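Novice: Read off the chains here:
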Amino acid sequence: MLRGVRSAGIAFATSIALILMAAVAARLGTMALRLGPSVAALLVVVATTTVGFVVGYAPRPDIARLLLSIDLALATGERLCSLHELRSRGGATPLENRIATKLLETPPAWRRVLRLRRRDALPWAAGGAALGLALFLSLTITPPVPATTADPGSQARAAGSQGVPHASSVPLGTKGGAVAAGARDATPSGSAEPFGDALAELLPAPPSRGLLGDLGDAVPAEVGAPARDLRQSLSDYLSQLLGRAEADQNQTFALTEREREALQELMRDVPTSSLRRSLSSVLRGETGNALKALLEESQRLLEGADQGEEGETSTQDARAPVPPEAEATGSDLASAGWVSLPPPSDGEGETTGAGERRTGADAEEPETLDRSAPPRNEEGGSAVGGEESGEATPPLPGVGFIPEELLGDVGSEGDLRRYFTKGIPFEPPVGERAPAAALSLDYEVLRALLAARVLAPEVQTIVRTYFAEITRGGP
Amino acid sequence: MIAVQDLDRTYSTLERLRAAIGTTVVGQGAVVEAVLVALLCGGNVLLEGVPGLGKTLLVRALASALDLRFSRIQFTPDLMPADIVGTNVLSDDGTRRTFTYSPGPIFANVVLADEVNRATPKTQSALLEAMEERTVTIGKTTYPLGSPFLVLATQNPIEMEGTYPLPEAQLDRFLFKAVVGYPSLGDLVTIVEHTTEGDGVALPEAVASAADVLSAQSVVREIPIAQPLREYVARLVLATHPDNRHAPKDVRSFVEYGASPRAAIATILGAKAHALLAGEPNVRRVDIESVFPLALGHRLILSFRGEAEGVAATALLSRVWEETPVL
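Chains as they are written, first to last, in our numbering: chain A, 1 to 475; chain B, 476 to 802.
No wet-lab data here; the hints were simulated from the structure.
Among the clues, some could well be false.
Pairwise CB distance ranges, derived in the manner of DEER restraints [what the hints assert, rightly or not]: (1) B/718 to A/90: 51 to 59 Å; (2) B/484 to A/90: 35 to 43 Å; (3) A/90 to B/637: 52 to 60 Å; (4) A/65 to B/671: 52 to 60 Å; (5) A/90 to B/479: 32 to 40 Å; (6) B/481 to A/65: 48 to 56 Å; (7) B/796 to A/135: 43 to 51 Å; (8) B/644 to A/127: 38 to 46 Å.
Cβ-to-Cβ under 10 Å is the rule here; a few derived chain B residues that face chain A [claimed, not checked]: (9) 476; (10) 479; (11) 481; (12) 483; (13) 658; (14) 680; (15) 681; (16) 682; (17) 700; (18) 707; (19) 758; (20) 762.
In this text the structure is predicted, and so the values were computed from the model without any measurement.
Quick reminder that beta carbons are idealized off the backbone N, C-alpha and C, glycines included.
Hey, can you work out the whole structure from these sequences and the hints?
Specialist: Structural data, given as structure tokens:
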């Protein structure tokens with residue numbers, strides 16, 4: 001009994017120490033381990049302590065009996081246990097050598113003695129099963145931990161370890177990257193992604209762009225916030241270029257190659273044809289005042305579109321689809337306002353997120369997105385240092401796209417890419433109550449859209465499960 | 476502590492002894508082995524068998540091969556204890572008369588007590604002290620017996636009329652009880668050949684001395700037996716007790732009293748001697764199995780039911796052996 005208590009104490013202390021070490025390691029981020037709740041840890045401790053008690057309480061094996069059983073199994077003439085008897089007596093005797101010699105004369109059939117009897121294996125099997133069950137429970141019964149209490153760095157590593165690309169790992173070096181960063185920065189620093197794992201499990205493949213585009217058509221203004229990001233980014237960028245044009249006294253202002261590429265990227269996703277034509281004019285290679293006039297024209301067209309949409313937004317129902325102009329572009333991505341990340345640059349371009357403006361030579365320095373940077377919606381200013389958008393609708397939190405690979409070139413449309421979604425489009429930051437409109441999805445519309453997309457049934461199931469998961473079972 | 480030379484000499488002595496006895500006694504290998512084991516243990520053997528099976532010849536051959544002093548006592552109903560242990564006799568040397576002790580036939584190394592159950596219990600009991608204590612007490616004087624000392628008693632199981640069955644205390648003094656059976660056909664032919672041709676049966680030449688026997692007896696006690704096997708023997712003996720929870724059903728039904736602790740001693744000591752006789756350096760389970768019925772066969776006291784149904788002690792011991800696990 002005393003030995004059982006002693007070994008149980010040792011097992012208890014060891015398990016506690018291991019759990020503490022694991023907790024510290026997880027806290028420090030050196031180990032991608034999600035510790036379960038205290039119940040799971042308690043289970044591990046109890047199981048380990050119980051096993052320790054049982055092992056300690058169990059009688060220690062009698063060597064002589066063990067040897068005799070081996071002797072009987074091997075038919076060695078009980079020489080092993082007799083040798084043990086002589087050794088335990090102490091003192092040299094010629095019989096010892098005789099026994100050893102006779103023992104070596106006949107090779108024993110070890111296979112007969114190595115058979116594991118059921119009654120011997122049962123206690124070990126039971127103990128192992130209990131320990132395995134405790135470990136299984138500790139690793140599986142782990143409800144989502146609120147991100148506000150978790151280390152963002154470890155979250156990022158955890159996401160990376162699960163094969164889900166994370167926005168912070170994408171370098172931003174171009175204006176397109178700046179725009180995408182604006183979308184990513186819509187996620188507050190340390191914001192929650194409680195369904196990130198569920199998303200990663202539910203979506204083995206990236207979600208359909210077209211589907212998301214259709215969703216963008218159907219969802220209310222808040223949901224279409226990325227469209228505003230595009231406009232805002234374009235507006236900011238045009239303002240930046242205009243500022244450079246005005247500052248140029250020699251009337252030699254022209255777009256650099258990088259600026260042209262960035263503007264081209266932005267233009268590609270512009271849904272309004274008139275604005276796109278205007279931007280095409282800008283890219284034609286005009287310089288000086290002509291270029292400035294073209295920029296002003298584009299800016300005006302863009303502001304006009306903004307005002308028109310604001311007017312629409314204020315009057316229409318939140319569930320109303322977007323204007324048919326967006327559909328006229330024929331691009332789901334554009335109609336939803338989704339923007340793409342340009343290919344990573346060697347270092348030129350502008351970065352956003354810090355609320356500071358970088359132009360010209362300043363933009364030569366490469367920079368990567370820092371998740372700790374204040375988000376746009378919290379700063380209340382433009383990501384590129386532009387003026388405040390003044391929109392009441394906050395940007396979509398936790399949303400972003402990460403380019404995965406270059407699929408090809410589709411004529412004048414530019415590069416064809418595939419994207420991963422980052423975060424949950426409709427997920428409000430932790431601690432904030434979701435706006436009523438944010439969750440007022442019309443499931444009939446969604447279902448109709450899914451049906452219209454001719455998606456495979458399993459994909460529809462995934463989408464349905466996903467929305468059921470994030471809405472806890474229904475609207 | 477024995478030396479390697481003692482061990483080797485013992486092995487060779489036993490080989491010679493076995494071969495020498497084999498030249499005189501045809502067959503009866505188990506009985507010869509039992510007698511040799513008892514000799515190595517320093518115990519006494521009760522040989523049970525009908526007349527004419529060579530019991531006396533075996534004892535004489537053993538004594539002859541060992542170059543030991545042999546005496547034969549024919550037990551009869553009128554045999555007195557003094558006829559066995561000796562007595563004080565009045566002697567006159569011409570000047571004065573004194574009582575001097577005249578040793579009886581018990582003062583030998585190998586004593587054959589032929590048909591021991593024909594003597595009265597009073598006479599039988601004269602052997603008790605000699606068999607157990609190796610001494611004889613006459614009056615106020617105790618005389619030690621020679622060493623080695625071995626009593627080989629025979630009894631006839633069929634002629635029970637006019638006999639006095641040995642009391643339990645007397646039986647318990649015998650290390651083994653060996654049943655001498657009829658020889659096989661081949662053995663019988665050989666016996667006939669040996670006894671009817673030539674000079675008849677010739678006793679073997681001495682191949683060992685008393686010192687060799689005493690050395691062998693000391694070696695026997697050095698033969699190791701594992702602790703679990705000792706426990707096994709103890710459980711075997713306890714299983715012969717009807718009130719033991721591990722006792723077989725037959726033992727509970729037919730046994731009145733189980734074997735005494737002397738049975739366990741006899742079994743372990745006999746197993747050691749058996750191992751040595753077999754040239755093995757340690758006790759094996761097969762050694763225990765060989766001596767188990769010899770050591771316990773005469774120590775079981777059957778109940779009335781057992782006696783009435785004619786249950787054999789050997790059958791009960793076989794059941795005990797089968798139902799008692801080694802571990």
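Novice: Would you check whether residue 680 of chain B satisfies its interface hint, that is, whether its CB is within less than 10 Å of any CB in chain A?
Specialist: violated (30 Å)
Novice: Report holds or violated for the interface hint on residue 479 of chain B, using the least CB-CB distance to chain A and a cut-off of 10 Å.
Specialist: This interface hint holds because 4 Å falls under the 10 Å limit.
Novice: If you check the beta carbons of residue 65 of chain A and residue 671 of chain B, does the distance land in 52 to 60 Å?
Specialist: holds (56 Å)
Novice: Using the beta carbons of residue 796 of chain B and residue 135 of chain A, state whether their distance is inside 43 to 51 Å or not.
Specialist: Distance hint for residue 796 of chain B, residue 135 of chain A holds at roughly 49 Å.
Novice: Does residue 681 of chain B meet its interface restraint, that is, does its C-beta lie within less than 10 Å of any C-beta in chain A?
Specialist: violated (27 Å)
Novice: Grab the minimum C-beta distance from residue 700 of chain B to chain A and call the hint holds if it beats 10 Å, violated otherwise.
Specialist: holds (7 Å)
Novice: Could you check the hint for me, namely that residue 481 of chain B and residue 65 of chain A are 48 to 56 Å apart, CB to CB?
Specialist: violated (31 Å)
Novice: So the hint says 51 to 59 Å: do the beta-carbon atoms of residue 718 of chain B and residue 90 of chain A match that?
Specialist: Hint violated: Cβ distance 39 Å, outside 51 to 59 Å.
Novice: Under 10 Å is the threshold here; is the Cβ of residue 762 of chain B close enough to any Cβ of chain A for the hint to stand?
Specialist: Holds - the Cβ of residue 762 of chain B comes within 10 Å of chain A, reaching about 9 Å at its closest.
Novice: Using 10 Å as the Cβ threshold, decide whether residue 682 of chain B counts as touching chain A.
Specialist: Nearest chain A Cβ about 23 Å off; hint violated.
Novice: 35 to 43 Å was suggested as the range; check whether the CB atoms of residue 484 of chain B and residue 90 of chain A agree with it.
Specialist: At roughly 25 Å between Cβ atoms, residue 90 of chain A and residue 484 of chain B fall outside 35 to 43 Å, so the hint is violated.
Novice: Kindly confirm whether 32 to 40 Å is satisfied by the beta carbon distance between residue 90 of chain A and residue 479 of chain B.
Specialist: Distance hint for residue 90 of chain A, residue 479 of chain B is violated at roughly 18 Å.
This entry does not satisfy hints 1, 2, 5, 6, 8, 13, 14, 15 and 16, going by the numbered hints stated previously.
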